[in-house]
Each structure stands twice: as C-alpha cells, then as structure tokens.
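*Asks:* Turn these sequences into a full structure, and let the hints steer you where they fit.
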Amino acid sequence: MLRSMCLGLLVMSVFFQEVSSWAADSVLAPGAVPKKLLDQGAGEGPVWHAQHGLLFSGDGNIHQLSLNGEFKVFRAGAGTNGLLFDGQGRLFACEHGARRVTRTERDGTITVLADNYHGMKFNSPNDLTLDSKGRLYFTDPRYGDRATMEMKDARGNLVEGVYRIDLDGSLSRILTSEVDRPNGLVITADDRYLFVADNNNNQTGAARKLYRFTLRADGSAIPESRKLIFDWGNSRGPDGMELDQQGRLFVAGGLNQAQPPHETNERKGGVYVLTQDGQLLEFIPIPRDEVTNVAFGGADRKTLYITAGGSLWSVALQVPGR
Numbered sequence: 001m002l003r004s005m006c007l008g009l010l011v012m013s014v015f016f017q018e019v020s021s022w023a024a025d026s027v028l029a030p031g032a033v034p035k036k037l038l039d040q041g042a043g044e045g046p047v048w049h050a051q052h053g054l055l056f057s058g059d060g061n062i063h064q065l066s067l068n069g070e071f072k073v074f075r076a077g078a079g080t081n082g083l084l085f086d087g088q089g090r091l092f093a094c095e096h097g098a099r100r101v102t103r104t105e106r107d108g109t110i111t112v113l114a115d116n117y118h119g120m121k122f123n124s125p126n127d128l129t130l131d132s133k134g135r136l137y138f139t140d141p142r143y144g145d146r147a148t149m150e151m152k153d154a155r156g157n158l159v160e161g162v163y164r165i166d167l168d169g170s171l172s173r174i175l176t177s178e179v180d181r182p183n184g185l186v187i188t189a190d191d192r193y194l195f196v197a198d199n200n201n202n203q204t205g206a207a208r209k210l211y212r213f214t215l216r217a218d219g220s221a222i223p224e225s226r227k228l229i230f231d232w233g234n235s236r237g238p239d240g241m242e243l244d245q246q247g248r249l250f251v252a253g254g255l256n257q258a259q260p261p262h263e264t265n266e267r268k269g270g271v272y273v274l275t276q277d278g279q280l281l282e283f284i285p286i287p288r289d290e291v292t293n294v295a296f297g298g299a300d301r302k303t304l305y306i307t308a309g310g311s312l313w314s315v316a317l318q319v320p321g322r
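Numbering (the working numbering), first residue to last: 1 to 322.
In short, the hints are calculated from the structure, not lab data.
Be careful, since some hints might not be right.
Said to hold, decoys possible - Only pairs whose alpha carbons sit at most 27 Å apart, straight line, appear in this in silico BS3-like list of lysine-lysine:
{"id": "1", "residue 1": "35", "residue 2": "268"}
{"id": "2", "residue 1": "133", "residue 2": "227"}
{"id": "3", "residue 1": "227", "residue 2": "268"}
{"id": "4", "residue 1": "35", "residue 2": "302"}
{"id": "5", "residue 1": "268", "residue 2": "209"}
{"id": "6", "residue 1": "209", "residue 2": "227"}
{"id": "7", "residue 1": "152", "residue 2": "227"}
{"id": "8", "residue 1": "72", "residue 2": "302"}
{"id": "9", "residue 1": "302", "residue 2": "133"}
{"id": "10", "residue 1": "268", "residue 2": "302"}
{"id": "11", "residue 1": "36", "residue 2": "268"}
{"id": "12", "residue 1": "121", "residue 2": "152"}
{"id": "13", "residue 1": "302", "residue 2": "36"}
{"id": "14", "residue 1": "36", "residue 2": "72"}
{"id": "15", "residue 1": "72", "residue 2": "152"}
{"id": "16", "residue 1": "35", "residue 2": "72"}
Please read all numbers here as calculations on a predicted model, not as lab measurements.
*Replies:* Put into structure tokens, the structure is as follows:
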C-alpha cells in the first residue's frame with residue numbers, strides 16, 4: 001500500500017513538473033486569446049507610450065488609443081507607417097507618403113532626419129528600430145506603383161535598401177542587394193544581430209523570408225552573414241516584428257485568404273513566435289488579413305498589440321516585451 005502511494009505521489013510530482021514547465025515555456029498568459037479592440041484606423045506601426053497609450057498609423061493619420069480607451073487622431077495627415085519612441089519620449093516615424101524619416105520632439109516640432117540618399121529620394125520608408133547606442137535603422141521598400149522610384153545603385157539598378165542614421169546625423173546604406181524588398185526589422189539587445197523581413201508579396205515566387213545579419217560594432221551589417229531564419233513560402237511574408245525579454249521574435253505575417261496569383265494561404269495570418277535561430281515556438285492566429293505589425297504595451301509590457309487589415313487586436317502574454 002505504502003509503495004503504491006509513493007508511486008502515485010511520484011507520478012503526480014512528475015505531472016505537475018511537466019505542467020509547470022509547459023506553463024513557463026508558453027508564450028500566452030493562461031487562457032488568453034486575441035481580442036479585437038478596434039475595427040478601424042489601425043493599419044500599421046503600433047507603439048506604446050506610458051502616458052499616451054498606444055499610437056498607430058492608419059488612414060493617413062497617426063491614431064491614438066488612450067489609456068482610458070478613447071480612440072482619436074493624434075496627428076492628422078501624417079502619412080506614416082512605422083513608429084517608434086526613444087528613451088527621451090521622442091517619436092520617430094517613417095513617413096512613407098513624404099518619403100522621409102522624421103523625429104517629433106517632445107514640444108511637438110518635427111525634425112527631418114533623412115529624405116534622400118546621395119540626392120535620390122527614398123522609395124517609401126517603412127519600418128524602423130534603434131540599437132542600444134541610439135542609432136536609428138530603417139527600411140525603404142516600394143509597394144504598389146514603382147514609377148516614381150529614384151533610388152539606384154552605381155550600376156543603375158533600383159535599390160530597396162536598409163539604412164542607418166548615426167548620432168551625428170550621418171546616413172549610411174548598410175544593405176543593398178542582400179534583401180529584395182525589406183519591410184520590418186529589429187535589433188537584438190546586445191546589438192549583435194539585425195533581423196530583416198524580406199517581403200516581396202506581389203511577384204510570384206519572390207522572397208517572403210526572415211533573415212538575420214550580424215552587425216559590426218560600428219553598426220554596419222556583414223552581408224555574408226545572412227542567415228535564413230524562417231520562410232513563408234508562397235504565402236504572404238513577414239512584416240513588422242518585436243522581441244520579448246527572452247529574446248524571442250514576434251513576427252506578423254501569413255495570409256488567411258489566398259490572393260492569387262501571387263499569394264497563397266499555406267502560412268496562415270497571425271503572429272509567429274520564433275527563436276533567433278528560426279524555431280517556431282508558437283503561432284497566434286488573427287482572423288483578419290493582412291496582419292501587419294506588433295507592439296508590446298501595457299503597464300507591465302505583457303500585452304501584445306497587433307494591427308491587421310485596419311483592425312487592432314490584443315492578447316496577454318507571460319513575458320514582457322523588451
């Protein structure tokens with residue numbers, strides 16, 4: 001009898017250890033499911049601010065979902081995509097409409113950080129990220145009409161590149177032909193790796209991949225370090241992304257309804273949670289196309305906000321964002 005009881009206690013102990021381990025490794029908070037917060041105005045670029053709440057781009061404006069849940073226009077006619085706050089509370093923005101990257105100071109004045117490279121206007125600045133030294137990196141793809149593109153390399157080939165703005169304001173192109181159509185990007189906390197979403201979604205068979213590049217101490221990328229992290233095949237590729245405090249990648253991508261002839265739905269629309277080596281840890285489905293971007297927010301940074309087809313979603317997590 002005693003032996004049976006001990007064996008039973010041992011089995012229960014192992015069971016609860018496994019459950020505890022699973023709970024610790026799970027991305028979502030217990031019982032959490034994505035919920036829709038808004039059905040309008042949330043196209044791209046969500047970013048959290050402790051006083052303002054959530055800002056995001058949509059319908060040509062920067063919109064705000066305040067801490068008390070009020071939805072309003074934060075900056076009309078901004079024409080933005082990616083948004084980002086720095087530690088000083090300044091708002092960086094990719095203004096794809098005006099083809100420039102700006103910084104809104106805390107007093108509301110707007111500083112243009114870059115609007116051309118060697119006299120050539122940018123294509124459509126899309127997304128941006130900061131490293132630990134305060135250097136700003138951004139992507140410059142062109143989706144849609146390509147007739148007004150000016151950006152070319154020395155051979156006259158069109159370029160959709162990745163750029164870095166240093167603290168002194170100098171501008172460098174750090175990736176040129178290593179990516180086809182760069183979209184979202186993020187840098188690890190130690191400045192070692194740069195992740196770039198390569199998403200050419202309107203050409204059959206084109207890149208829909210997430211790449212990792214090693215960065216030098218000066219912030220330049222090592223082109224030959226390119227490593228494929230995840231491939232969305234012929235579905236819609238990766239868009240915006242963020243890292244949590246464990247260094248896991250949260251990547252918006254996929255498609256729920258196929259859009260022939262260029263995009264299938266073999267990879268469903270949602271948030272792909274990946275290790276930095278490309279292991280898929282969890283998939284968070286979002287029942288709306290297109291899933292464009294993510295941001296960590298809330299007082300504890302454990303809420304993931306997701307923009308998708310103009311709608312805004314949220315889901316509770318166990319680990320806060322970086």
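*Asks:* Now tell me, hint by hint, if it's right for this structure.
*Replies:* Hints, one by one, checked against the model:
1. The straight-line distance between the Cα atoms of residue 35 and residue 268 is roughly 17 Å, inside the 27 Å bound, and the hint therefore holds.
2. Between residue 133 and residue 227 the CA atoms are separated by roughly 24 Å; this keeps the pair inside 27 Å, and the hint holds.
3. For the hint linking residue 227 to residue 268, the alpha-carbon distance of about 23 Å falls within 27 Å, and the restraint holds.
4. Between the alpha carbons of residue 35 and residue 302 the distance comes to roughly 15 Å, so the proposed pair stays at or under 27 Å and holds.
5. Our distance criterion of 27 Å between C-alpha atoms is met by residue 268 and residue 209, whose separation comes to about 15 Å.
6. For the proposed pair residue 209 and residue 227, the alpha carbon gap of about 10 Å is at most 27 Å, so the pair holds.
7. Restraint check for residue 152 and residue 227: the C-alpha separation of about 25 Å stays at or below 27 Å, so the hint holds.
8. For the given pair, residue 72 sits about 24 Å from residue 302 by alpha-carbon distance, which is consistent with the 27 Å threshold.
9. Between the alpha carbons of residue 302 and residue 133 the distance comes to roughly 25 Å, so the proposed pair stays at or under 27 Å and holds.
10. Restraint check for residue 268 and residue 302: satisfied, since their Cα atoms lie roughly 24 Å apart, inside the 27 Å limit.
11. Restraint check for residue 36 and residue 268: satisfied, since their Cα atoms lie roughly 18 Å apart, inside the 27 Å limit.
12. Taking the CA atoms of residue 121 and residue 152, the gap is near 10 Å; set against the 27 Å cutoff, the hint holds.
13. For the suggested pair residue 302 and residue 36, the alpha carbons sit about 17 Å apart, so the restraint of at most 27 Å is met.
14. Distance hint between residue 36 and residue 72 is fulfilled; the C-alpha atoms sit about 17 Å from each other, no more than 27 Å.
15. A distance of roughly 39 Å separates the Cα atoms of residue 72 and residue 152; the hinted pair therefore is violated under the 27 Å criterion.
16. Distance check on the hinted pair: residue 35 and residue 72 sit about 20 Å apart at the alpha-carbon level, within 27 Å; holds.
The structure shown violates just one earlier hint, number 15.
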